[in-house]
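Undergrad: Both chains are sitting in their own frames, so use the hints and assemble them into the complex.
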Amino acid sequence: MGDQAPGTLAQQILGAKTGRAVQPGEIVEVDVDIALTHEVLGPLTFRRFEELGVELWDPDKVYVTIDHFVPAATAQQAENNRVTEQMVARHGIRHTGFYDGPSHQTLAESGLVRPGHVVVGTDSHTCMAGALGAFATGIGSTEMVSVFARGRIWFRVPEAVLVSVRGRFAPGVAAKDVVLHLLSRLGTDGATYRSLEFGGPALADLPVDERLVLSNMAVELGAKTGLVDVDAATLAYLGITDHASPRLNPDARYADRIDLDLGGLEPLCAAPHSPGNVRPVADFAGTVPVQQAFIGSCTGGRITDYRAAAAVLAGRRVHPAVRLIVTPGSRKVYRQLVAEGLLDTLLDAGAIVEAPGCGPCAGLQAGVLADGENAISASNRNFQGRMGNPKANVYLASPATVAASAVTGEITDPREMLACASK
Amino acid sequence: MRVEVTGRLWRLGDNVDTDILFPGRFMTLGGASKDAALQGLAAVDPELAAMAPGDAIVAGRNFGCGSSREYAALALRDLGLRLIVARSFARIFYRNAINVGLPVVTLDDVDDLPDHGPLTVRLDTGTIVDRAHRRVFRTQPMPDFLIDIISKGGLMAHLHATLAAEQGRRPAEAVTR
Ligand code: SF4
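Chains F and V are the protein sequences, given in the same order.
So for the first sequence, the working numbering puts the first residue at 326; every next one is plus one.
So for the second sequence, the working numbering puts the first residue at 5; every next one is plus one.
The shape of chain V in the complex, shown without the other chains (with noise of 0.2 Å):
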């Protein structure tokens, strides 16, 4: 699966916690949204209020460490960021990121991705190609039902085919996100 870069790398620091990525007032069923990272992110950097669509985070050590809470990877991808990619990530954030279809990449030496795409990410060979500056990343493939995932959009896709194949239960009706 390939993943595009466009637009510009937000660099954050260690230990991004998720009552930064989505602060505990706004997790009532009314109160999820994209709104809601960018009021946490910016009270720790006003700048990243202006993260966009294209764009991606490069991190370091622990992103999306503390609570369970999907809303954090849930609003960055309505963010329309690409992808994230930190030096390690905390478990729960990175299955959530994957299931909600948000491309997760692990890589020690983010302090040489540039701070601008485009950026092309293979996450079934683990590599990231910075063109512009002719270099190439690598890191660990992510494993195939983890990439299937991924590109169904997240695992309420993934689970719709799941069950049908698994039981002959017949989902509902194509999934809404």
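Just chain F, with the same shape it has in the complex (with noise of 0.2 Å):
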């Protein structure tokens, strides 16, 4: 195989942007496509920048939101609120998300990443557009001002790992449970610096959603981004039909490969206070009662979340020791939630429902929990004081897992009372 065959994905997006053929480890300075803030980092990201004098590169490629502090919990919430929405007005910015919930959900429906494109942003889950086949990924502020000022910045063309996927996921098990196991085998810094890209036969049976899982968590496994081959659901998500996308090459040179059966997949669970301390959900069976159950965020509150949530909730109740706590992923997965009939579902069951955001993810507000407390969470990060309060206990699971948990009161693998409710 020559040179000229097509490299990895990153290798393909980052050579396309300087204009030749790219190895892995080489520096290239790209131009950026999107540049994402909200109303955490974006305050201090928007000062400093203000301090240089100079114009925003493109008010058109920034994208900014209000997420995590909504409603506003403190004044000093609000005062970062406001001073974000003083500091969009001013600088002719266009492209927002208030109050519609987690950046990286609104932004892969907001129809602005295209295929191919490079997209940083100050939160390291900016990785999820990577689903919709953008070289997507966290940055900090000062590198943030950078961009602003002269929309480019530097990467080291990384190695790439294949994560090629075939099989049907059996019944209650979910895209969660693939990055949990990649979690498992890996460890938190299996893929530091790398791209993890992931194809394979059983890519087209997964909905964009899940796909947007696979992104969001390459983080929690160290990697620079994570990138999905692109195919028709990818562009009728961005509600494209036609689209030059980089396309995975599977014969390209790739540092690692994983071959991975989602037919052999079991529900798995994080357990405090790290992402890769994962096991069988079957091996927590009555020994972790949780008096809090979370199903939101950027990495669990899209509609097919929602749909296996309530799979599991329907006609049942949750335990009165536990506050199931929901916070849709955006307007449109609320609005979809209403429509579905699934927010009905969800009430009747006792959750509390809360304003798209992230809710309880970071422990921001809206769900701190209390000493000695145990938090099953279908987000990303279980660190320690990740709710809030440093001697809590923050379990993931997928969002089947969650509401199993929610309804007993204690970790239980949802694949039980789903084999009850098809009886």
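Hints are supplied without guarantee of correctness; some may be wrong.
Only pairs whose alpha carbons sit at most 20 Å apart, straight line, appear in this in silico EDC-like list of lysine to aspartate or glutamate [said to hold, decoys possible]:
| # | chain 1 | residue 1 | chain 2 | residue 2 |
| --- | --- | --- | --- | --- |
| 1 | V | 156 | V | 170 |
| 2 | F | 716 | F | 698 |
| 3 | F | 716 | F | 696 |
| 4 | F | 716 | V | 51 |
| 5 | V | 156 | V | 128 |
| 6 | F | 657 | F | 679 |
| 7 | V | 38 | V | 49 |
| 8 | F | 716 | V | 49 |
| 9 | V | 156 | F | 376 |
Hints were generated in silico from the structure; no laboratory data involved.
TA: Dropping the structure here:
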């Protein structure tokens, strides 16, 4: 195979931007297509940017959200929100998502992202746009100041790992379990500096909702970006019919290859305080009482997630000792919950439904834990203190597992309940 | 570029994450300070609250994993830490540290480093010299353009210079840290 054969997705995208073939290890500087920031790190970023005294390189390529402090829980949060709105007005930014849901989800729904784009954001889960074929990654505030001024950023062209998926999920198993499986195999630094690239025959059966989970948690494996091969479903999600997208070449030079049979997976759970601390949900049976269950966030707040949760919750009640918190991943998802009657299912089961946004994911508001409490969450991180209290514990699992655990009041394998439901 | 560690080398384990280095509750415009890092670290080990200027952190794998919050690197720099040495870094933290002018070095045999300075680190040659024990540790030299950013005190100062050169666009005034 000569140098002409297409490289990894990361190589193809960075190569197209550079105007020549690029190799892993090379440092390249590329144009940015979308720069994302939000009310947590945006105000600091804009203030530093204004010190430079130059104009924003392209206000139409900047996307700004208010999604963490929604609605504000403290006066300081409210101040961040206000400054964010001021900055957006002052710099003529048109693309925004205010009080609409986690930035990564609203950006995905916005139609702004195209396969082959370079997307950077002052948020580590910016990598989620990789499910739409974009080279997307998180950066810090100062680095964003540089992007705001120049519209360019340097990258070391990453080595890539190919994750090839085949087979079909058993009932009660979902994309979240794929990532937890990868975390158990590779650890939280198993893909550091690398591009994690997903392909294989099972991709066609995975709705874009589920592919977004794979890219979202690429950063939990340390990856620079998590790209998913683009197909007709991706284009339909973006509302376009035709696009010259880079396509995954399984024969490219991958540093590592993982072949995964989805049919062989079972529900998994990451115990405190690391997303890499993964065991089968069945192992926890009867040992971990939970006081809070959370279905939401940029990882677990899409319509597919709520359909899976509703399949478990239909005709059941949340355990009296548990708070089940739901924050829809976007306003669009919220409307869909209403349209499909799922909001009723959730409310009937006893869920507390809050504003679309990050909710309790980062412990900033809307469901902070008490000392010694256990939470089971469909989000992506369970670091010590993540849900606002270093003396509490967060377990990560799929929306179906979270729903099953909310019903029993302890960490529970959803397959038990799905089996009963189908009888 | 030369970095001198004069104080203590604080040892941390693997996967020290950004929620420890800078708990989310401090992440508002008014809340950013080195105290956030001290409180976060003290929640793991109360002794860590004694970190002082001139000290360094010696950590295991995947240091700074998690969020993109630059506050984590900023707070450690503002504590006066001279250096972070780790077996490996999470990539966003690594870039953030450089961008705020905090030197970072990747080293495999971190266990052999002493508990106290003086240590002299040269980023360009990738050497760490422990004179008291007559030892030299070797690691990857850092690319020049990154050393340039650190030696200017971070990306903001570097950016002022780049913009002036690139576009003839005049930066407003000297950068305030
Ligand atoms: S939902 Fe959680 S992980 Fe996603 S952007 Fe919000 S705080 Fe971050």
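Undergrad: Of the hints stated earlier, which fail here?
TA: Failing hints: none at all.
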